[in-house]
Amino acid sequence: MEKMEMDGAQALIRCLEAEGVECMFGLSGGSVIPIFDALITVPNNIKFVLVRHEQGATHMADGYARATGKPAVALVTSGPGATNTITGIMTAHMDSVPMIVLTGQSVSWMLGKDAFQEADIFGITMPVVKHSYLLKETNDIPRILHEAFHIATTGRPGPVLIDIPKDVSAGTFTGDLCAEMDIPGYKLPHGEVDTGTVREIAEAINKSQRPLILAGHGIMISGAEAELKQLAETLNAPVTTTLLGKGAFPETHELSLSWLGMHGTAYANKAICACDLLINIGSRFDDRILGDPKHFCENATVIHIDVDPAEIGKMIRPDHYCVGDAREVLTELNKHVARLNTAEWLKTLDGWKKKYPLKFKRQGGLKMQHVIDEFYKLSEGKAVVVTDVGQHQMWAGQFYKTDHPNNFISSGGAGTMGFGVPASIGAQLGRPDDTVIAFCGDGGFQMTECELATAALHNLPVKFVVLNNHYLGMVRQWQTLFYGDRRSGVDLEGNPDFVKLAESFGIKGFNLRRPGDVKRIVKAALAYNDGPCLINCEVEKVDNVFPMIPAGKRIEDMLIEEPKPDVKLEKPTGST
Amino acid sequence: MINNKKIHTLSVYVANEPGVLARIAQTFSRRGFNIESLVVSPAIDGHFSRMTIGASGSEAGLEQIIKQVSKLIDVLHCTDHTFDEAVVKEMGLIKIAVSAEDRGEALQIAEHFGCKTVDLTDESIMLQVVGDPDKIDALMEMIEKFKIIEIVRTGKVLMARGAETT
Chain A
28 MEKMEMDGAQ
38 ALIRCLEAEG
48 VECMFGLSGG
58 SVIPIFDALI
68 TVPNNIKFVL
78 VRHEQGATHM
88 ADGYARATGK
98 PAVALVTSGP
108 GATNTITGIM
118 TAHMDSVPMI
128 VLTGQSVSWM
138 LGKDAFQEAD
148 IFGITMPVVK
158 HSYLLKETND
168 IPRILHEAFH
178 IATTGRPGPV
188 LIDIPKDVSA
198 GTFTGDLCAE
208 MDIPGYKLPH
218 GEVDTGTVRE
228 IAEAINKSQR
238 PLILAGHGIM
248 ISGAEAELKQ
258 LAETLNAPVT
268 TTLLGKGAFP
278 ETHELSLSWL
288 GMHGTAYANK
298 AICACDLLIN
308 IGSRFDDRIL
318 GDPKHFCENA
328 TVIHIDVDPA
338 EIGKMIRPDH
348 YCVGDAREVL
358 TELNKHVARL
368 NTAEWLKTLD
378 GWKKKYPLKF
388 KRQGGLKMQH
398 VIDEFYKLSE
408 GKAVVVTDVG
418 QHQMWAGQFY
428 KTDHPNNFIS
438 SGGAGTMGFG
448 VPASIGAQLG
458 RPDDTVIAFC
468 GDGGFQMTEC
478 ELATAALHNL
488 PVKFVVLNNH
498 YLGMVRQWQT
508 LFYGDRRSGV
518 DLEGNPDFVK
528 LAESFGIKGF
538 NLRRPGDVKR
548 IVKAALAYND
558 GPCLINCEVE
568 KVDNVFPMIP
578 AGKRIEDMLI
588 EEPKPDVKLE
598 KPTGST
Chain B
97 MINNKKIHTL
107 SVYVANEPGV
117 LARIAQTFSR
127 RGFNIESLVV
137 SPAIDGHFSR
147 MTIGASGSEA
157 GLEQIIKQVS
167 KLIDVLHCTD
177 HTFDEAVVKE
187 MGLIKIAVSA
197 EDRGEALQIA
207 EHFGCKTVDL
217 TDESIMLQVV
227 GDPDKIDALM
237 EMIEKFKIIE
247 IVRTGKVLMA
257 RGAETT
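Protein chains in written order, with the working numbering: chain A, 28 to 603; chain B, 97 to 262.
Just so you know, the hints here were simulated from the structure itself, not pulled from any lab data. Be aware that a few hints might be false.
What the hints assert, rightly or not - Which chain A residues face chain B? A few, computed with CB under 10 Å, are given here:
hint: 1; residue: M153
hint: 2; residue: P211
hint: 3; residue: G212
hint: 4; residue: K214
hint: 5; residue: R344
hint: 6; residue: K382
What the hints assert, rightly or not - BS3-like, lysine-lysine: derived pairs with alpha carbons at most 30 Å apart:
hint: 7; chain 1: A; residue 1: K535; chain 2: A; residue 2: K428
hint: 8; chain 1: A; residue 1: K546; chain 2: A; residue 2: K568
hint: 9; chain 1: A; residue 1: K428; chain 2: A; residue 2: K568
hint: 10; chain 1: A; residue 1: K163; chain 2: B; residue 2: K167
hint: 11; chain 1: A; residue 1: K214; chain 2: B; residue 2: K163
hint: 12; chain 1: B; residue 1: K167; chain 2: A; residue 2: K321
hint: 13; chain 1: A; residue 1: K580; chain 2: B; residue 2: K163
hint: 14; chain 1: A; residue 1: K381; chain 2: A; residue 2: K404
hint: 15; chain 1: B; residue 1: K167; chain 2: A; residue 2: K341
Here a beta-carbon is modelled for each residue, glycine too, at the ideal position from N, C-alpha and C.
Whenever a hint applies, use it, and build me the whole structure from the sequences.
Rendered as structure tokens:
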């Protein structure tokens, strides 16, 4: 029992230290002054990163967590400070990212009385958190902090919010800093894998001639990359990943089909249609990969392995399933499987790889794909790639191959524009020795560009690559393909001069306009390590991402390349 | 049955934490499901509560909701008892406008359904009925011939038969 004179805020900082928090992102405000004060009065090793907007704090925490696998913390004030975090919390929730969000709150006796900067953030965020707390007693701080970290990081990770009234953080702490958790309702899959179920799955696998492994983000959350590789190599089975699963299996491996789905590779999508067995490990069958769920893998045996029981049967009803941690289940599964006769199947897939490679035209103006491809080559595929959301995101996924876990960071489920800039800052803080490249569109970049100040202040050598087509390009692509090319609300006229903008923050800027300059400028940007740099790439205004499975269409209806101008496409029926 | 939809009866055992009811209600409303009835009461141990929820909707949709409710940190378990051997009871209070000359008929119906008369004035009667929800529905139909002033029903409470805990 450790007891000393302190207030709630000081106890809070001690608890954060005890949880091993190295980095905290946030913005101060009236209701969190006691906590910011405790950051000074309590000796600690927490690096506090002051952001320019609270959304940035949550995305930075998110990028940090995804890059390191460690939970990250955001600290913001009440009212608008708290509501500004909602997009970031939702983004982390959709992609199962461990995050603790500490929000200040008005004093307890003013709750619900419309006090200055009072918002019911506990209520507002309820649908987008894994769990949340409204702190009512100063002495509860250690228990709740401990529970919050445990919940955020175990099972299927997610964000946990703790709302802290000012009187609670300022109140005298007389409790126990090592208080025990009390969460009897929190269920985690038991440590022991159900071997009967795994045997049943192995039997199904051993009957297959055209197996396909689908690896999701869950592989990396669980740290099951080695076990996955062993399974694929034992079976001699091909592996495709989801977008967020990039890095779960080396994309340069001969058994890799890269990622699948709406803008995934044609050969991965064709493989999904032709396989006789699909082994999904750690993916939630997101609508981006299903096309029309009624016809997804109609003739294949489907196996689903997931840590979250609520994902089993949510989108696709599997023939066999196992609820458990990916690494534990795969370790057991690997004991029961043997090499399959997949020579013919791999030959077919190889044929598709050759026939339908990812490609782009080198002629004409500057292309996003060209810039990304050059970054891939010159960084030798070793960089941590962070993307924003849109066309550039899909091309970054296609042309920057990922061989290592946690090296491709992107807002998948939420599709949050504005994610790229702050998330890359968080990633760089978590991985100071790695090259971090942020691929952003001009649209998303402007949503959170104020955080350039944060990058400059901490002298972080992030490469901010603005793939600037002066359009909200993905929506423009849909309008071109499905809405008679009627372009509405997509032209970003009035963009700033991004290089001048960077320079105004004291950040090195490069302009890239001609395809002939790509190599030289990418090389210079990668070599620049005195702080952040920004590369404004004036790319062709109109270009479309292919392959494309129109939302809600069957995977078989995939457009592998630009349809002929006279082809009329129906409006997609699936979600966005 | 309400509008020919099967009503499912779920029993949810929860930790007594602020917000737990809101979280459960949200899980239903987000998927467009209506909660038809809801009873919350303390369990034996004061730290926990038991909720009995009546809800209608597609089987597959409810199956998903049960999984998502079970996943909530404050929920210890959530079980669908619709097809189980369980005792299901409800209580209702019904206030009807009855003049002195109609009172006899009203009391006859009340007696048939085992109701208690809990309040009586020159113009009205209040009846208390306890039993299976179907029985209360049947009473409602019979009593409709009188002017119903007010109805309050508790919603279903349920307990599985046998020695096991629900």
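Hint check:
The interface hint given for M153 of chain A is met, as the beta carbon of that residue sits about 6 Å from the closest beta carbon of chain B, less than 10 Å. Because the beta carbon of P211 of chain A sits about 6 Å from the nearest beta carbon in chain B, less than 10 Å, this interface hint is met. Residue-level restraint check for G212 of chain A holds (minimum Cβ-Cβ distance to chain B is 5 Å; threshold 10 Å). Because the smallest distance between the Cβ of K214 of chain A and any Cβ of chain B comes to about 8 Å, under 10 Å, the interface hint for this residue holds.
At its closest, the beta carbon of R344 of chain A sits 9 Å from a beta carbon of chain B; the interface hint therefore holds under the 10 Å criterion. Of the supplied interface hints, the one on K382 of chain A is violated, with its beta-carbon coming no nearer than about 39 Å to a beta-carbon of chain B, more than 10 Å. Our distance criterion of 30 Å between C-alpha atoms is met by K535 of chain A and K428 of chain A, whose separation comes to about 27 Å. Under the criterion of a C-alpha separation no larger than 30 Å, the hint pairing K546 of chain A with K568 of chain A is consistent with the structure, at around 21 Å.
With a C-alpha separation of about 25 Å, the suggested pair K428 of chain A and K568 of chain A falls inside the 30 Å cut-off, and the hint holds. Taking the CA atoms of K163 of chain A and K167 of chain B, the gap is about 24 Å. The hint holds against a cut of 30 Å. For the suggested pair K214 of chain A and K163 of chain B, the alpha carbons sit about 12 Å apart, so the restraint of at most 30 Å is met. In summary, the hint linking K167 of chain B to K321 of chain A is supported, as the alpha carbons are separated by about 26 Å, within the 30 Å threshold.
For the proposed pair K580 of chain A and K163 of chain B, the alpha carbon gap of about 28 Å is at most 30 Å, so the pair holds. With a C-alpha separation of about 20 Å, the suggested pairing of K381 of chain A with K404 of chain A holds against the 30 Å cut-off. At roughly 14 Å between alpha-carbon atoms, K167 of chain B and K341 of chain A fall within 30 Å of each other, so this suggested pair holds.
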